[in-house]
Amino acid sequence: MMITEIGHYALVLALGLAFIQSVLPVWGAKTGDGRLMAVAEPVALATLGLVALSFAALTVAYVRSDFSLVNVFENSHSAKPMIFKISGVWGNHEGSMLLWVLILVLFSALVAIFGGRLPQTLRATVLSVQGWVTAAFLLFILMTSNPFNRMIPAPFEGQDLNPILQDIGLAIHPPLLYVGYVGVSIAFSFAIAALIEGRIDAAWARWVRPWTLAAWIFLTLGIAMGSYWAYYELGWGGWWFWDPVENASFMPWLAATALLHSAIVMEKRDALKIWTVLLAILAFSLSLLGTFLVRSGVLTSVHAFATDPTRGVFILAILVIFVGGSLALYAWRAPMLKPGGIFAPVSREGALVLNNVFLSAACATVFVGTLYPLALESVTGEKISVGAPFFNLTFVPLMIPALIAIPFGPLLAWKRADLAGVAERLAAAALAALAATAVTLWLSGATGILAALAVGLAFWLIVGSLTEPVQRAARGGGGVGPFLRRFFGLPRAAFGTALGHLGMGLTVLGIAGASGYDHERITSVVPGERIEIAGYDLTFEGSTPRQGPNFREEVARFAVTRDGLAIAEMAPTKRFYPARQMPTTEAAILTRGFSQLYVSLGDPGADGRTVVRAQFKPMVTLIWLGCVMMALGGCLSLADRRLRVGAPRPARRAEAVA
Amino acid sequence: MVWAVFAVLTALAALSVLVPLARAGRSRGVAEDAATAPDAAIYADQLAELERDVARGAVSGREAEAARAEIGRRLIRASQRHEPAAPPRRWRLIVAAGLAIVGLPLLAVSLYGGFGAPTLPDLPLASRQSEPMDGQNLEALLARVESHLAQNPDDGQGWAVLAPVYLRAGRYSDAAAAFSNAIRTNGATADLEAGLGEALTGDAGGVVTADARAAFERARTLDPNAIRPRFFLALALGQDGRTADAEAAWRAIIDSASGKEPWLPVARTQLATLTGSTEPPPAAAPAAPAAGAPGPDAAEVEAASEMTPEERAAMIGNMVEGLSARLAREGGTVDDWLRLVRSYVVLGRTDEARTALAAAKAAHPDAADVQRLDTTAAGLGLTE
Amino acid sequence: MTRKQRRLVLIGVAGAVLMSATGLVLSALNDQIVFFRTPTELAERQVPVGDRVRMGGLVAEGSVERTGETEVRFTVTDTASTIPVTYTGILPDLFREGQGVVTEGRLGPDGVFVADTVLAKHDENYMPKEVADSLKAQGHWQEGAEAGAPGAAGQ
Chain A
8 MMITEIGHYA
18 LVLALGLAFI
28 QSVLPVWGAK
38 TGDGRLMAVA
48 EPVALATLGL
58 VALSFAALTV
68 AYVRSDFSLV
78 NVFENSHSAK
88 PMIFKISGVW
98 GNHEGSMLLW
108 VLILVLFSAL
118 VAIFGGRLPQ
128 TLRATVLSVQ
138 GWVTAAFLLF
148 ILMTSNPFNR
158 MIPAPFEGQD
168 LNPILQDIGL
178 AIHPPLLYVG
188 YVGVSIAFSF
198 AIAALIEGRI
208 DAAWARWVRP
218 WTLAAWIFLT
228 LGIAMGSYWA
238 YYELGWGGWW
248 FWDPVENASF
258 MPWLAATALL
268 HSAIVMEKRD
278 ALKIWTVLLA
288 ILAFSLSLLG
298 TFLVRSGVLT
308 SVHAFATDPT
318 RGVFILAILV
328 IFVGGSLALY
338 AWRAPMLKPG
348 GIFAPVSREG
358 ALVLNNVFLS
368 AACATVFVGT
378 LYPLALESVT
388 GEKISVGAPF
398 FNLTFVPLMI
408 PALIAIPFGP
418 LLAWKRADLA
428 GVAERLAAAA
438 LAALAATAVT
448 LWLSGATGIL
458 AALAVGLAFW
468 LIVGSLTEPV
478 QRAARGGGGV
488 GPFLRRFFGL
498 PRAAFGTALG
508 HLGMGLTVLG
518 IAGASGYDHE
528 RITSVVPGER
538 IEIAGYDLTF
548 EGSTPRQGPN
558 FREEVARFAV
568 TRDGLAIAEM
578 APTKRFYPAR
588 QMPTTEAAIL
598 TRGFSQLYVS
608 LGDPGADGRT
618 VVRAQFKPMV
628 TLIWLGCVMM
638 ALGGCLSLAD
648 RRLRVGAPRP
658 ARRAEAVA
Chain B
5 MVWAVFAVLT
15 ALAALSVLVP
25 LARAGRSRGV
35 AEDAATAPDA
45 AIYADQLAEL
55 ERDVARGAVS
65 GREAEAARAE
75 IGRRLIRASQ
85 RHEPAAPPRR
95 WRLIVAAGLA
105 IVGLPLLAVS
115 LYGGFGAPTL
125 PDLPLASRQS
135 EPMDGQNLEA
145 LLARVESHLA
155 QNPDDGQGWA
165 VLAPVYLRAG
175 RYSDAAAAFS
185 NAIRTNGATA
195 DLEAGLGEAL
205 TGDAGGVVTA
215 DARAAFERAR
225 TLDPNAIRPR
235 FFLALALGQD
245 GRTADAEAAW
255 RAIIDSASGK
265 EPWLPVARTQ
275 LATLTGSTEP
285 PPAAAPAAPA
295 AGAPGPDAAE
305 VEAASEMTPE
315 ERAAMIGNMV
325 EGLSARLARE
335 GGTVDDWLRL
345 VRSYVVLGRT
355 DEARTALAAA
365 KAAHPDAADV
375 QRLDTTAAGL
385 GLTE
Chain C
426 MTRKQRRLVL
436 IGVAGAVLMS
446 ATGLVLSALN
456 DQIVFFRTPT
466 ELAERQVPVG
476 DRVRMGGLVA
486 EGSVERTGET
496 EVRFTVTDTA
506 STIPVTYTGI
516 LPDLFREGQG
526 VVTEGRLGPD
536 GVFVADTVLA
546 KHDENYMPKE
556 VADSLKAQGH
566 WQEGAEAGAP
576 GAAGQ
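Protein sequences appear in the order of chains A, B and C. Just so we're aligned, residue 8 is where the first sequence starts under this note's numbering, counting upward by one. Just so we're aligned, residue 5 is where the second sequence starts under this note's numbering, counting upward by one. Just so we're aligned, residue 426 is where the third sequence starts under this note's numbering, counting upward by one.
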């Protein structure tokens, strides 16, 4: 069998088809030639087939440990469990780029299949622009990162058995993020197509929104997943590090969030068109930038896997050509777009503009904080690190007014609104916020005023985001029955909005609790000794060795009691992988309500004592539950009938993907 | 066979271009109408939604009126727009078909010809492990043992078998890890401890480090008569500059010999070096290799891997003399000099190492070179 | 309000937000960034005592010593100079003598570096980037000896 070579050839052939897809449909659209435009859909599907074949071939090589592939030799090992052999396909540079392209052509194919309600010229142009991106990245893979390179004689064993990377979280995380990153490309292609056609209107916004929403859902889940992975795997309880690689996924998220909101204005009021197009371009540019940062090896950080300057230069060239080209096209064509509806500063539109301004500014601070050290080092050679203190002083102050404004948005009327009236309707939320702040202050003994205010902000968001649907359902009076009937009769998009904002509130509450009221104790114990933390008693019962499949570990057992009542047993471990002479730390996590106890082990201390780090993180799980809630809100919005009428099948499809 | 698959794939890909080119020509009228219909449908839906909001009381009458007018304007604009129908052009069709029929296969085959290996079959591991094992396939054998041990890290016997193989292959750090694992699971024996010491020494470029010495000492405790630990401990004393102790140790070793041991000449050389005697040792080793040779050739390395450590040390001693003579005569690069210095340190001839270092600095007075020489020498434990 | 006034309000708000963002970024860049220094630069007192810095180098062989319940002392070297470091807390899994390490903290007046963060490499191919660069600059590190992909960095 020659599955590997068939996969390799399919990849080359896909590049050829991508070139054809880049040229013929847009040529047809410009000349009004229907036959050329009709090429777009079958070619997009064929490209998907070829890239999928190629990816399958690589997966087969991993599963069967075919070490004649350099990529398999370097990144796999015959002793790996099967699940990690498979996840190893995208756990390395070459394979992850192939996954990136696979998702890209999958999105193109989805547009081809479900874009039946789009005007033919727009669909053809969008698919051509997708073809440009596909061709660029296929060329990158074949020229600099070919996973199908062979070597003879083939080694008998692979090199990678890195235990840190053998983790289910790490197996799922990159594909989720990639679907988000790459999904933003559809919004980009629509924006470029609109600029090429010189025509953009409210209908365009409705066609773009489901795609942006789907990408945003995956970005949200991907970021949350990555955060949780770092939290439980790295063993010291941090959940966000402002690491450049995290920022690389966070910036497209901020831009996509802004895009979602500005597209609403565009759809409803035909306004903010030029800005929305720019946002679509910027969101994908930030996705490309993220790919560049992670894949070029310019950073050395928690997730960087690749170092090879030729790759970096190639991706940089792709970045410059796409970002520079699209911005030039924008500068040239945007002035031709007709401005749309007008609105007063105090209005739904005004609130959404405010949201966009703050999100963009916040995104810009993250951008500066991420790239400034790189720029400084390449210009002056000075090495600096920009860490959490920088972002706490820049990003956070910019997000706070945006968060305060959130509950106002859905209550304001389009065009011109009555701010005082809306403020009155938010009285309940304001009361809840005040009460929450006061109670928090009282419970914590008046320490941490900022964290208490953050708790207040969270309640303002939670209650405020429920205000709109509840009040809308309450209008018209009647008892509980009519209220419930009206409540559940509301459009799904209204629930989507409410849930999205509610999720934001939960995340803020989690952040406030976990960073404002966490307890940490680092100490060393001998069996029988007790650690007290946040009202819990952890009694160290001793440690015992245990043999795992390819590691041995020292399991420390702690009996957890509260007020003398036994609650649970926690067993953090220190693992050692003899084949790699490599130790790892596995934390033990005990969830109590939304809060967590987090215990991890250090190296053995002096005279046989065990060094322990015990942490109590109140409300910490809300950080990720909030993200899940936001994603759920996104799914509800996707399911709304409005999006189905505009582009009926894409919405259903994206729902299925979600 | 594989080319047939390639041909089928190429044909399918080309068809994905050709079929729509051929078909769409017949259905142009439909495409023309569809150009305006989609946006009109959206505006119609927006109007319907507005009516629902009005019915629910979510929008006031005046707002609804304005919104209705706005959407109506968009609807009219959308339905007025009419894309000019372009006359079909035959030459475009020919270009497009040409791209699919000629361009695509040409690009694919030429690119693949550059990257691919069309004659190379898949080599899944499972099918290869049943391959007959011949003598050259040491690596495959190692791989099997390694993967076995990765899954059964407590198989002490396995580690004990693997460790000397690593040692002979010069994979010192792997050897050290394997010896440690064998000791951890099977308990210490003089042989394993001595092997560990030798691996650590090899890993340190021939210097008997503190860890290595500890291992040799444990081995000597386990078996006071074993020669390997005593040999290396004597070497260590010499390297530490404890000349008197080293001399005593070498004498003891030589005295305990019956006279036929292969390591005896090396021990005598060591003793002679320490006592400062310039006499050649009684049993001279084979003649030095040709002066000016850059290093041991493959055959010598091969031979060295067959030797006992003692024989190897003798051969190294000879090569060092050759290198020293060549450098004195013709000079050499910093790396050549460093090799000489390192070799002397390894052989425990610290005084000569210092002399060589001074000569190297004289030959390379450049500041960067001097610093490099000094740093490396310091790393070898050589002080001036 | 006329159309022009409305537009002015919008532009004014956007401008104000952007200006405050710029102000925040500039002031934070002044105060909140941490410079990377080698032990030599610290030993030569190129950094004022008490300034927050990152220091990277190799953990000197035989220098790690547990002095308290959870307090650790070790020295970091770039082969030219060494700086003693104290750290209270749990060291990363791959913190080892003779391996690369990055510490963040402040240099005390007694010349002892008080670290609050210690980052180590995550696999044997990885050397913290800053450490590799500074060692390379001094010629103590050969390309190839430690070549390969950097793995996940440590914490």
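Please note that the accuracy of each hint is not assured.
Calculated cross-link-like contacts (lysine to any residue; reagent style SDA-like; alpha-carbon spacing at most 25 Å) [said to hold, decoys possible]:
{"#": "1", "chain 1": "A", "residue 1": "K345", "chain 2": "A", "residue 2": "L426"}
{"#": "2", "chain 1": "A", "residue 1": "K345", "chain 2": "C", "residue 2": "D535"}
{"#": "3", "chain 1": "C", "residue 1": "K429", "chain 2": "A", "residue 2": "L426"}
These stretches of chain B come out as covered by chain A in the derived footprint (C-beta under 8 Å, 3 or more residues) [what the hints assert, rightly or not]:
{"#": "4", "stretch": "16-26"}
{"#": "5", "stretch": "254-264"}
{"#": "6", "stretch": "326-340"}
Hint data in this document are derived by calculation from the structure and do not stem from the laboratory. Just so you know, even glycine gets a beta-carbon here, dropped at the ideal spot from N, CA and C.
- Item | Hint numbers not upheld by this structure, sorted from lowest to highest | 1, 2, 5, 6
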